[in-house]
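Peer 1: Here's the letter readout for the chains.
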Amino acid sequence: MDLVDLIAEKRFVGQEFLTWLWWKSEERGGSIALDGAGSMNSFSGDITVVFEKHVLLEYGEGESSEKCICSGLQSELKEARTGLVMGKKLEQARIQLGHNDYEWNFTLAAALMEFRNIKLPKTAASQEGGSGPEEQEGLILERIFLFEELIRMVQTLFRMFLEIRVSPGWKDELVKVRQWVHVRGQMTDDRV
Amino acid sequence: MGFLNGSASCVRFSVEGDLPENFWDFAAERIMAFSFKDIDETYDEFSVGWVSVQNMFDTDFKFASYASGDYITLSLRIDERKVAPAILKKFTQKEEERIKKEKQIPKIGRTMKIEIRERVQTELMKKAAPVPAVYDLCWNLSESTLLCFTTNKKAHALLEDLFKETFGLLIVQQIPYFMAEHLLDADDQQRLAVISPDIFV
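Heads up: the sequence lines are chains A and B, in that order. Residue numbering for the first sequence is 1 to 192, as defined by the working numbering. Residue numbering for the second sequence is 1 to 201, as defined by the working numbering.
Derived by calculation from the structure, the hints in this document are not laboratory data. What you were told as hints is all true, and nothing was included just to trick you.
Quick list of in silico lysine-lysine cross-link-like pairs, BS3-like style, CA-CA up to 25 Å: (1) K119/A x K153/B; (2) K153/B x K67/A; (3) K101/B x K113/B.
All chains, full assembly: derive it from the sequences and hints.
Peer 2: This is the structure in structure tokens:
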């Protein structure tokens with residue numbers, strides 16, 4: 001299959017992942033236990049995942065597709081939750097991801113798995129700086145580590161989604177996600 | 001804003017193919033061969049090549065400055081002479097008016113109009129300063145992955161071409177479906193290939 005066709009046909013994989021991740025992040029109040037033991041490039045431990053500020057939803061395909069952007073500093077993303085009830089799926093979301101004392105902020109564009117406007121955690125080295133070649137190489141390696149750490153965490157979350165998505169357990173998982181969509185949608189309606 | 005400071009956007013690629021023996025010697029030679037060539041003093045319209053991530057004017061890479069541990073960090077620099085459409089239109093019309101007056105003719109034929117437009121464009125292009133664009137990349141040699149610090153599709157296409165020319169290796173953007181192939185076992189991959197979109201309400 002041509003790459004362009006494949007991207008179009010499989011864009012739902014990334015969008016379903018991001019929608020699932022929103023549910024997963026709220027299932028235990030923002031905390032997700034990652035179990036990547038034994039897998040290459042995976043990550044183990046508890047992380048926090050918070051959806052914030054900005055969400056873009058998509059519905060339909062090609063010329064008949066609809067897009068809806070919801071953003072706001074203190075917003076609870078009410079319109080976005082209503083959009084989910086209408087059957088829209090997440091295409092982009094601004095996410096805060098925390099592990100130990102480190103915090104990453106980034107926008108994940110789901111269909112192509114693009115990481116946009118990544119804000120890396122502040123570290124001692126990044127604040128002190130240094131102009132020598134050794135300090136520069138240290139700074140480069142630290143930044144590489146922080147970018148790769150973020151991608152490792154997202155990859156581990158993606159693997160968790162994929163494993164359940166292709167398994168018979170997906171039916172039960174989907175029931176839970178649908179319940180969450182309806183409950184959240186109703187809460188939004190009640191407040192209006 | 002890019003890889004070294006501030007916020008950054010990135011896309012992940014996989015690097016397909018094996019590295020040659022004596023890789024670092026090979027890399028040193030190839031990176032120099034495809035380093036960026038300045039076109040400020042020429043009339044060339046376009047130039048693409050490698051520069052240092054720390055300095056877009058550094059094409060010498062002293063002490064293999066692209067090597068950081070098990071990574072190669074480089075910047076793709078693209079310089080391009082461009083003429084804004086409005087400027088081209090203005091000078092084309094100006095030249096047409098001049099010719100009409102000079103030759104005492106009321107109208108200019110289609111073929112001549114095209115000729116004038118092309119001549120004006122070439123002249124303007126020579127005067128235009130090349131516009132630079134720099135995109136960083138970080139190649140993880142042990143995992144055969146590459147982070148490209150832009151989501152610009154045109155830059156991705158140029159990177160794919162220059163990377164192949166330089167290192168003889170293909171890079172493939174890791175869209176979720178391709179990423180899944182690296183994360184799942186063979187059975188799960190087959191299941192993934194046949195699933196269709198689900199409705200979440």
